[in-house]
Amino acid sequence: DAKTTQPNSMESNEEEPVHLPCNHSTISGTDYIHWYRQLPSQGPEYVIHGLTSNVNNRMASLAIAEDRKSSTLILHRATLRDAAVYYCILSHDQRGGKLIFGQGTELSVKP
Amino acid sequence: DTGVSQNPRHKITKRGQNVTFRCDPISEHNRLYWYRQTLGQGPEFLTYFQNEAQLEKSRLLSDRFSAERPKGSFSTLEIQRTEQGDSAMYLCASSLRTGLSYEQYFGPGTRLTVT
Numbered sequence: 001d002a003k004t005t006q007p008n009s010m011e012s013n014e015e016e017p018v019h020l021p022c023n024h025s026t027i028s029g030t031d032y033i034h035w036y037r038q039l040p041s042q043g044p045e046y047v048i049h050g051l052t053s054n055v056n057n058r059m060a061s062l063a064i065a066e067d068r069k070s071s072t073l074i075l076h077r078a079t080l081r082d083a084a085v086y087y088c089i090l091s092h093d094q095r096g097g098k099l100i101f102g103q104g105t106e107l108s109v110k111p
Numbered sequence: 112d113t114g115v116s117q118n119p120r121h122k123i124t125k126r127g128q129n130v131t132f133r134c135d136p137i138s139e140h141n142r143l144y145w146y147r148q149t150l151g152q153g154p155e156f157l158t159y160f161q162n163e164a165q166l167e168k169s170r171l172l173s174d175r176f177s178a179e180r181p182k183g184s185f186s187t188l189e190i191q192r193t194e195q196g197d198s199a200m201y202l203c204a205s206s207l208r209t210g211l212s213y214e215q216y217f218g219p220g221t222r223l224t225v226t
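Chains as they are written, first to last, in my numbering: chain A, 1 to 111; chain B, 112 to 226.
Certain hints may be false.
[As the list claims (entries may be wrong)] Straight-line C-alpha distance at most 20 Å; calculated EDC-like pairs for lysine to aspartate or glutamate:
1) B/K168 x A/E11
2) B/K168 x B/E179
3) A/K110 x A/D31
4) A/K3 x B/E179
5) A/K110 x A/E11
6) A/K3 x A/D67
[As the list claims (entries may be wrong)] Over the 10 Å line for every Cβ pair with chain B, so calculated as not near, a few chain A residues:
7) P7
8) M10
9) Q42
10) E45
11) H49
12) K69
13) A83
14) S91
15) D93
16) G96
17) K98
18) Q103
Bear in mind the hints are in silico, worked out from the structure with no lab data behind them. Every value quoted in this text rests on a predicted model; they were computed, and no experiment measured them. Backbone N, C-alpha and C fix where the C-beta goes; we use that ideal spot for every residue, glycine too.
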């Protein structure tokens, strides 16, 4: 399984944008890039996913590099509720869609 | 939409006892996954089902672990002869095929403590 690399932790101020980076230099052509987050004492929560093009949804935006070897999750205005561990994961239906979690990035948001 | 539910939410057991956890996925979701998470680590994949068929088991899943999804709806995860190293949060997730990528919805987990 292709691996991802993320910073262990990041800090942000409330109401400011946050850019969470992820490197996945060994990504294969059919891997989708998924982001999940896990708030304290909860199960992981789906955030967004994409293949090649940038994606937007109500929670976040996903910017994917042209060579697909890296991506960035963008939270446009961080709130205190966004404090969580964010996981960048490569997944594909051919592998059953299973998620292989790394350590993730722990995001703290300061008021 | 009631979401994924898991029972019990907490379980304390003595070493050597058997335990069983239940997961009720979102209705009509055909895939169901089990993960295990220890403190400070990301979740680890254990096994998954497509309908009632168990299609993959991780090498992490020793012979003491067994999972079933008898009618393609709810699933159970049983651990026999529990060990202290089994203490963890056991997470269940379900998904519905909408293309080549499956968005997973997670339950709140069952926290197991083996004393």
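Structure-based check of all given hints:
At roughly 37 Å between alpha-carbon atoms, B/K168 and A/E11 are farther apart than 20 Å, so this suggested pair is violated. Distance hint between B/K168 and B/E179 is fulfilled; the C-alpha atoms sit about 12 Å from each other, no more than 20 Å. Taken as a hint, the A/K110 and A/D31 pair is broken in the structure, with Cα atoms around 34 Å apart against an allowance of 20 Å. For the proposed pair A/K3 and B/E179, the alpha carbon gap of about 29 Å is over 20 Å, so the pair is violated.
Pair hint A/K110 plus A/E11 holds up; C-alpha atoms about 7 Å apart against a cutoff of 20 Å. At roughly 16 Å between alpha-carbon atoms, A/K3 and A/D67 fall within 20 Å of each other, so this suggested pair holds. Distance check on A/P7: its Cβ is at least 14 Å (rounded) from any Cβ of chain B, clearing the 10 Å threshold; non-interface status holds. Non-interface call for A/M10 relative to chain B: holds, since the shortest CB-CB distance, roughly 16 Å, exceeds 10 Å.
The beta carbon of A/Q42 is not kept farther than 10 Å from every beta carbon of chain B, the shortest such distance being approximately 7 Å. The Cβ of A/E45 does not lie farther than 10 Å from every Cβ of chain B; its closest approach is about 7 Å, which violates its non-interface assignment. The Cβ of A/H49 sits about 6 Å from the closest Cβ of chain B, inside the 10 Å cut-off, so the non-interface label is violated. The beta carbon of A/K69 sits about 19 Å from the closest Cβ of chain B, which is more than 10 Å, so the claim that it is off the interface holds.
Look at A/A83: its CB is around 16 Å from the nearest CB on chain B, clear of 10 Å, so calling it non-interface holds up. With a least CB separation of 7 Å from chain B, A/S91 falls inside the 10 Å interface cut-off, contrary to its annotation. A/D93, annotated as away from the interface, has a beta carbon of chain B within 10 Å; the closest lies near 5 Å. Chain B draws A/G96 into its interface by the beta-carbon criterion, the shortest separation being 5 Å against a cut-off of 10 Å.
Consistency note on A/K98: stated as away from chain B, yet its beta-carbon is not over 10 Å from all of that chain's, at 5 Å minimum. Against the 10 Å criterion, A/Q103 falls within the reach of chain B, whose nearest CB is about 6 Å from its own CB.
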